[in-house]
Amino acid sequence: MRSPLGRAIGLGSAKDGVEHWWLQRITAVALVPLSLWFVIAIIRLVGADADSVRDWVGNPLPAILLVLLLIATFYHASLGLQVVIEDYIHAEFAKLGLVIIVRLACFAFVVAGIFAVVSMAVGTSN
Amino acid sequence: MRSADRPLSPHLQIYRWQLTSVLSILHRAAGVALSAGAILLVWWLVAAASGPDAYQSVADFLGSWLGLLLLFGWTLSLFYHLCNGIRHLVWDTGHGLDLKSTYLGGWFVVGGTGAFTLIAWIAGISSWAS
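Sequence order for the protein chains is A and B.
For the first sequence, counting from 1, position 62 maps to 62 in the numbering used here; every step adds exactly one.
For the second sequence, counting from 1, position 49 maps to 49 in the numbering used here; every step adds exactly one.
Just chain B, with the same shape it has in the complex:
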């Protein structure tokens, strides 16, 4: 059988999703999303260095619905990748690799991501309003 014809694992149609595997693939997805967000950071910095007109076009885009949606997605991705990244660093020391700890840590990451994202946006909106 040619390698391209071989079935791939996991078989997604019949795969039973678990918290651990969902968080694992989300870590990658968030990382890829943050790479795109890093380009925005450079765009923002270059625009600020270029002058008020260039900066205003970036600021207008970020203040639009699409811009705000992207910023929210990047905030979520950043805090998720940060929290889950710390979970990975703990695993790298050889700790917390049993089933109970991976689930407990996973739920901590989910809660932490939600809490940090919420706090950041409440702080951002109050900073904008003041």
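Extracted from the complex, chain A is given alone in its bound form:
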């Protein structure tokens, strides 16, 4: 995604800066209610054992909200960490390498988290 002005004048980056900026904001807006819900849910679960946690994730609403939280969190994190890396790491090779590692790690963590939630929600885990 490029800004209309950038496209018209033909100046600036030919990459996807606007999309990066926009998705950072969309995920931020999503994370406002999701993170507040998560904090309240965690407070209620203080001291809970494994069975209580699984019972809780077994309900549709917590399971769905947890999956949404995981997606928004790791998307937001990968975009944010990319900017931090690009600002402070100046060697091109190290910068690119770190950005790739962060992207892949965020993807791996979100898959692991969603799998854990889904397996508890549908009751197939042992």
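Treat the hints with caution; some may be incorrect.
Where chain A lies over chain B, by a calculated footprint (3+ residues, C-beta under 8 Å) [what the hints assert, rightly or not]:
| id | region |
| --- | --- |
| 1 | 16 to 24 |
| 2 | 30 to 37 |
| 3 | 90 to 96 |
Taking beta-carbon pairs under 8 Å as the criterion, some of the chain B residues facing chain A (in silico) [unchecked claim]:
| id | residue |
| --- | --- |
| 4 | Leu-40 |
| 5 | Val-42 |
| 6 | Ala-48 |
| 7 | Gly-51 |
| 8 | Pro-52 |
| 9 | Tyr-55 |
| 10 | Trp-128 |
Just the calculated beta-carbon pair ranges, DEER-fashion [to be verified]:
| id | chain 1 | residue 1 | chain 2 | residue 2 | range |
| --- | --- | --- | --- | --- | --- |
| 11 | A | Val-67 | B | Ala-123 | 20 to 26 Å |
| 12 | A | Ser-52 | B | Phe-61 | 36 to 42 Å |
| 13 | A | Ile-9 | B | Ala-115 | 43 to 49 Å |
| 14 | A | Glu-92 | B | Asp-60 | 42 to 48 Å |
None of these hints come from the bench; they were simulated from the model.
Glycine included, every Cβ here is placed at the ideal spot set by N, Cα and C.
Start from chain A and add chain B according to the hints.
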């Protein structure tokens, strides 16, 4: 001059810190800390899905002094990043960018972070005690 030898701005040794710049760099620091906290969330979920033994080891770690310290740091980071993130979203609409509003909003964020963190931990401790 090679690019690596060039002086970097701001010159931190002589830089006069202000509320706005401190909050700006803290927003990044909190974001990086929360990324690590997100890994803990996944670890906790995977452990719960794996069974009682795996879950207990996570619960033991989180109940230790180090675990509680990390949880407190993450609570602080979460509420700070949340409050200051809303401040950023307001700026994105083009509002509140004058000097007075950035300072006022900044102090609101500091107060909100402290208040929310305190409330969350009081609620958490009373939930644990009951």
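Discussion item. Please list, smallest to largest, the hint numbers that this structure does not respect.
Written reply: Structure breaks hints 1, 3, 4, 12.
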